[in-house]
Amino acid sequence: MSEPLLSVEGLRVAFESDRGVVRAVDGISYTVAAGQTLAIVGESGAGKTVSARTLLGLTRGPETRTSGRIMFGGGDLATLGEAGLRSLMGDVVAMTSHDPLSVLHPLYRVGAQIDEAIRAHRRVSAAAARDRTIDMLELVGIPDPHRRVDAYPHELPPGMRQRAMLAVALANGPKLLIADDPTRGLDVTLQAQILALLEDLRERLGMAIIFLTRDLGMVAEIADNVAVMYAGRIVELATTEQIFLAPQHPYTWGLLRSLPRLLEVAGERRVPISGPPPSLIDRPSGCHFHPRCPYAQDSHRRIDPQLRPVEGEDGHGVACLLPTSVRRQIWQGLESGQDLPSLQHLAGSLMREQGS
Amino acid sequence: MSFAYPQILLDDEAHAGVLEPARGDTPGLSPDRLLWHRVRSSRVARTSAGVIVALVLIALLAPLIVAIFGVAGPNVRNPSTLNAFGLPTGPSFGHPFGVDDRGRDVFARVLYGARTPLEVGILGTALAAVIGTAVGMVAGFYGRWVETVLMVIVDALLAFPVVLLGLGIGGAIGPGLGTVILIVALTGFPYIARIVRRRVSLLREGELILAARALGAGDRRILWREILPSLRAPLIAYSVLLIPTSILLEAALSFLGAGIRAPTPDWGQMISAAGHDILSGNSAWWYLLFPGLALLLTMLAFNLAGEALVDALGELGWRRSET
Amino acid sequence: MSTYIARRVLRAIVLIVLIIVLGFLLFTVLAGAGGSFPSYLKSIFLHFNFGYSARDHQSVVSLVVSRLPATLSLLVGAGLLAVALGVPIGILAALRRSTRFDRVAMGTALALVSMPVFWLGLILLYLFASDVGKIPIFPGGNSYVGLTANPGKWFTSLILPWLVLGAVEAAIYSRLLRGRMTAAMKEDYVLGARARGLSEERVIWGHGAVAAVAGMVAVVGLDIGGLLGGAVLTETAFRIHGIGFLSYDALAHSDLPVVQGTVLLAAMMIVVVSLIVDIGFAWLDPRVTVA
Numbered sequence: 001m002s003e004p005l006l007s008v009e010g011l012r013v014a015f016e017s018d019r020g021v022v023r024a025v026d027g028i029s030y031t032v033a034a035g036q037t038l039a040i041v042g043e044s045g046a047g048k049t050v051s052a053r054t055l056l057g058l059t060r061g062p063e064t065r066t067s068g069r070i071m072f073g074g075g076d077l078a079t080l081g082e083a084g085l086r087s088l089m090g091d092v093v094a095m096t097s098h099d100p101l102s103v104l105h106p107l108y109r110v111g112a113q114i115d116e117a118i119r120a121h122r123r124v125s126a127a128a129a130r131d132r133t134i135d136m137l138e139l140v141g142i143p144d145p146h147r148r149v150d151a152y153p154h155e156l157p158p159g160m161r162q163r164a165m166l167a168v169a170l171a172n173g174p175k176l177l178i179a180d181d182p183t184r185g186l187d188v189t190l191q192a193q194i195l196a197l198l199e200d201l202r203e204r205l206g207m208a209i210i211f212l213t214r215d216l217g218m219v220a221e222i223a224d225n226v227a228v229m230y231a232g233r234i235v236e237l238a239t240t241e242q243i244f245l246a247p248q249h250p251y252t253w254g255l256l257r258s259l260p261r262l263l264e265v266a267g268e269r270r271v272p273i274s275g276p277p278p279s280l281i282d283r284p285s286g287c288h289f290h291p292r293c294p295y296a297q298d299s300h301r302r303i304d305p306q307l308r309p310v311e312g313e314d315g316h317g318v319a320c321l322l323p324t325s326v327r328r329q330i331w332q333g334l335e336s337g338q339d340l341p342s343l344q345h346l347a348g349s350l351m352r353e354q355g356s
Numbered sequence: 357m358s359f360a361y362p363q364i365l366l367d368d369e370a371h372a373g374v375l376e377p378a379r380g381d382t383p384g385l386s387p388d389r390l391l392w393h394r395v396r397s398s399r400v401a402r403t404s405a406g407v408i409v410a411l412v413l414i415a416l417l418a419p420l421i422v423a424i425f426g427v428a429g430p431n432v433r434n435p436s437t438l439n440a441f442g443l444p445t446g447p448s449f450g451h452p453f454g455v456d457d458r459g460r461d462v463f464a465r466v467l468y469g470a471r472t473p474l475e476v477g478i479l480g481t482a483l484a485a486v487i488g489t490a491v492g493m494v495a496g497f498y499g500r501w502v503e504t505v506l507m508v509i510v511d512a513l514l515a516f517p518v519v520l521l522g523l524g525i526g527g528a529i530g531p532g533l534g535t536v537i538l539i540v541a542l543t544g545f546p547y548i549a550r551i552v553r554r555r556v557s558l559l560r561e562g563e564l565i566l567a568a569r570a571l572g573a574g575d576r577r578i579l580w581r582e583i584l585p586s587l588r589a590p591l592i593a594y595s596v597l598l599i600p601t602s603i604l605l606e607a608a609l610s611f612l613g614a615g616i617r618a619p620t621p622d623w624g625q626m627i628s629a630a631g632h633d634i635l636s637g638n639s640a641w642w643y644l645l646f647p648g649l650a651l652l653l654t655m656l657a658f659n660l661a662g663e664a665l666v667d668a669l670g671e672l673g674w675r676r677s678e679t
Numbered sequence: 680m681s682t683y684i685a686r687r688v689l690r691a692i693v694l695i696v697l698i699i700v701l702g703f704l705l706f707t708v709l710a711g712a713g714g715s716f717p718s719y720l721k722s723i724f725l726h727f728n729f730g731y732s733a734r735d736h737q738s739v740v741s742l743v744v745s746r747l748p749a750t751l752s753l754l755v756g757a758g759l760l761a762v763a764l765g766v767p768i769g770i771l772a773a774l775r776r777s778t779r780f781d782r783v784a785m786g787t788a789l790a791l792v793s794m795p796v797f798w799l800g801l802i803l804l805y806l807f808a809s810d811v812g813k814i815p816i817f818p819g820g821n822s823y824v825g826l827t828a829n830p831g832k833w834f835t836s837l838i839l840p841w842l843v844l845g846a847v848e849a850a851i852y853s854r855l856l857r858g859r860m861t862a863a864m865k866e867d868y869v870l871g872a873r874a875r876g877l878s879e880e881r882v883i884w885g886h887g888a889v890a891a892v893a894g895m896v897a898v899v900g901l902d903i904g905g906l907l908g909g910a911v912l913t914e915t916a917f918r919i920h921g922i923g924f925l926s927y928d929a930l931a932h933s934d935l936p937v938v939q940g941t942v943l944l945a946a947m948m949i950v951v952v953s954l955i956v957d958i959g960f961a962w963l964d965p966r967v968t969v970a
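Protein chains in written order, with this note's numbering: chain V, 1 to 356; chain H, 357 to 679; chain S, 680 to 970.
The hints are simulated quantities; they were obtained by calculation from the structure and are not laboratory data.
Don't be surprised by glycine CBs; every beta carbon is placed ideally from N, CA and C.
A hint or two may mislead.
Below, in silico cross-link-like pairs of lysine to aspartate or glutamate (EDC-like), each with a Cα-Cα straight-line distance of 16 Å or less [unchecked claim]:
#1 Lys175(V) to Asp91(V)
#2 Lys865(S) to Glu43(V)
#3 Lys175(V) to Glu63(V)
#4 Lys175(V) to Glu155(V)
#5 Lys832(S) to Asp810(S)
#6 Lys865(S) to Glu203(V)
Computed Cβ-Cβ distance ranges for the label pairs, DEER-style [unchecked claim]:
#7 Phe780(S) to Gly81(V): 20 to 28 Å
#8 Phe449(H) to Pro748(S): 48 to 56 Å
#9 Ala570(H) to Glu82(V): 20 to 28 Å
#10 Leu963(S) to Glu199(V): 38 to 46 Å
Footprint (simulated), chain S over chain H, 3 or more residues, beta carbon under 8 Å [stated by the list, open to error]:
#11 389 to 403
#12 514 to 522
#13 527 to 541
#14 611 to 625
#15 629 to 635
#16 656 to 667
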């Protein structure tokens, strides 16, 4: 296997706050190969955004403590100085947000913001920058780019704003795009359009994408690999196929089962994950997911699971204390529509068998 | 705008939010109690409240303090304190702040002078808050043409230059305490009305009101029982913010001759008299300096108290949380 | 944009009519003075007549017009000084929150906004006026001359008034901007600008400060009347013969038509200036035209 484009190793990010240290990202590792898409999935507060912003040094500050390595292009971004990061940001690595209206400056025209991004990294004439700006608007599928270039962000219709924000991010043809929940808050049609656009741009520009989302449903269409984050950690790391066909972590099951299905099976309902997300200051003991896990055993309150390879599945890792055989049986049970109490009972008896 | 209403009162959009617990708060408190807890834990609030209490005591106990210091009353003219040329004499043992051009003790006048600013600051502001709340609630609650008409009138009042309008009204109905209170109320209420209207029109669409409506509550009941209580905490804060402006307006009007007239001791009017003397070459700095310092101290105390309250309301900078 | 301008112009016209009506209510009805509303309206709308001075029978309009240059000289100079001082200080205080610079700047600003301008003006006159001051370096009270009469004397006579009014206004601007800038630097568009690899100077001034200043303009534009109030008091302290001193002097001589006519004319001028600020602001922040 060739050298990955990005390799994150043991990344930790903590913020000091009035009430204590917030460990937003708690030791995560993953790689992204050139031209591939990694989806990072998790609810809000899981650390997706913080971990992604840390890649670009955007979380640096007096209250932030960061450790770990962020290997990119032969260097460690975590130790790179401000100037070095600035020359990468918006050029080789770009980022978009979930809310184009807040990330685009309200007082500048869309074209001016693309122009500014280009000229921050390239010495080009005003005319050349303008041409490239219009090309970018065309590339992201904005109709009538000669006119839209002079529009303010709020003047564009919502779907167009997403595209304009992408145009700003892609202005310098990045090798890696961090797309922070670009489909959040959009209706289904627009979501599909944005996903198709991202997929198309990835192929045309040959860039890699880190796709952050709360919605596992977005992942199937776009991602090669999936990292499921919970409480600042990756609890499951797998190929997209593995995540949908043989998910291993109870939290992943919860995410999958809370999705709306295309074909509703009679009697099957969407099951949300119960309980509130954990505090990042006073973390739960043992497995961080145990307070919300229907299959948690007593010992899971004490033992903290590490991300380990799943036997027999290449490139699949999970941080769960349940044995692989037990997890497979529970997932089969879930798929065949068994109810939760009987599955919890099954988990308990299987664990006792294994223990004895 | 050296004669400015606190900017925060102008920005009605910024204050449409509601008081919500933030990190560091005791959980489970009602908004009013939350505000109170935060204010009490603020050192700035405690210090300024202490100064304000001291000012009120000074105003109330002025006769007693004057007697203790053994100086003459505020309106006692004592020609023997003027020097050989008939000019006022400066601070001395018998007259800590000196005497003015008529031989009156400046210390006594500064103490007694605390009365009008406090009366105007509290009564005038309270009146402005009551009128502003009523207008804002009716406008925000009934909406449509009622709102349009009321808010256009409010905007027209806001267009009047406060100090000049005060001069005009003072001229029309004659100077005096009542006039000043009226001017303060008339010029202050539009600010409160705007903020209240904004909040109420948001509340109107909210679940609380819809639920009350579903239970068959009438307009009056909703206004009194549902909306008014939810306005209490911000109203207190904004009213306190209005006090220093009211006090400054009182001093300005008295300085310009449209407010408190002699012989009632008043800081603005004392500064005006001292100004006449200074401009005509008299170097009696003491009766310019001390009333101004008293006014400055009062303004600082109320400004800081207002700031502490707005901080406690927590609407500055708490908008978007990190995901 | 054009519908926005039309709406604003219409609003300004409604406000001017209301100001005239309110003027009648406040100065005639409230005061219990006799007067006929139709003839009041007629003289204002048909003849642009706001009454005559009881002292010398000059028309109030001509009095105000003759005094306006002095007031404008004071306001424009103080305003420029206030922006030049207040904007950078407010922004730097926001960027250096809780440092010594921030504490000193904001402490001074709080003291200045708590200070009556007329008192500050008189103190400076006592210290520095060339006729009555202890250290006579600046022209004293009553020394204002028109710009066209003697530009040099015009400038020197306004130095102290500009300093006083400008400093107090700078204090207000800097306090306001510090809050706005602190909020702006937490906005996503600032993060977005950083993520584009822009220089930190560009991020701070081109993205953060631009938004903060736009927000300040919107708020300051609402309070032009307050600005004029400061000018009235400064004029009175320094005996500058502008419209503020005109009203003060008229009131002192019970010349009520001048006082009341000046109020109405000033209010109408404020509406017109607000209209210009509104339209200018829409150019700065086109989002307002959508609402």
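How the hints compare with the structure:
1. For the hint pairing Lys175(V) with Asp91(V), the CA-to-CA distance comes to about 8 Å; that is within 16 Å, so the pair holds.
2. Between Lys865(S) and Glu43(V), the direct Cα distance comes to roughly 22 Å. Violation of the 16 Å bound is thereby established for this hinted pair.
3. Of the pairs offered as hints, the one joining Lys175(V) and Glu63(V) is violated, with about 30 Å between alpha carbons and a cut-off of 16 Å exceeded.
4. Distance restraint check for Lys175(V) and Glu155(V): the Cα-Cα separation of roughly 30 Å exceeds the 16 Å cut-off, and the hinted pair is therefore not satisfied.
5. About 15 Å separates the Cα atoms of Lys832(S) and Asp810(S), which keeps this hinted pair within 16 Å; it holds.
6. Taking the CA atoms of Lys865(S) and Glu203(V), the gap is about 34 Å. The hint is violated against a cut of 16 Å.
7. A hinted range of 20 to 28 Å for the beta carbons of Phe780(S) and Gly81(V) is consistent with their spacing of about 25 Å.
8. Remark: the range hint 48 to 56 Å for Phe449(H) to Pro748(S) is upheld by a beta-carbon distance near 51 Å.
9. Hint check: Ala570(H) to Glu82(V), Cβ distance near 57 Å, so the stated range 20 to 28 Å is violated.
10. Against the hinted window of 38 to 46 Å, the Cβ-Cβ separation of Leu963(S) and Glu199(V) comes to about 39 Å, which satisfies the hint.
11. Chain S is given as covering the region 389 to 403 of chain H, and this is violated because 0 residues of the stretch bring a CB closer than 8 Å to a CB of that chain, at least three being needed.
12. Residue count for the region 514 to 522 of chain H with a Cβ under 8 Å from a Cβ of chain S: 8. That meets the three needed, and the coverage hint holds.
13. Remark: the region 527 to 541 of chain H is confirmed as covered by chain S, as 3 of its residues place a Cβ nearer than 8 Å to a Cβ of that chain, reaching the required three.
14. Look at the region 611 to 625 of chain H against chain S: 5 of its residues bring a Cβ nearer than 8 Å to a Cβ of that chain, three or more, so the hint holds.
15. For the region 629 to 635 of chain H, the proposed coverage by chain S is satisfied: 4 residues have a C-beta within less than 8 Å of a C-beta in that chain, meeting the threshold of three.
16. Residue count for the region 656 to 667 of chain H with a Cβ under 8 Å from a Cβ of chain S: 3. That meets the three needed, and the coverage hint holds.
Comparing the model with each numbered hint stated earlier shows that hints 2, 3, 4, 6, 9 and 11 do not hold.
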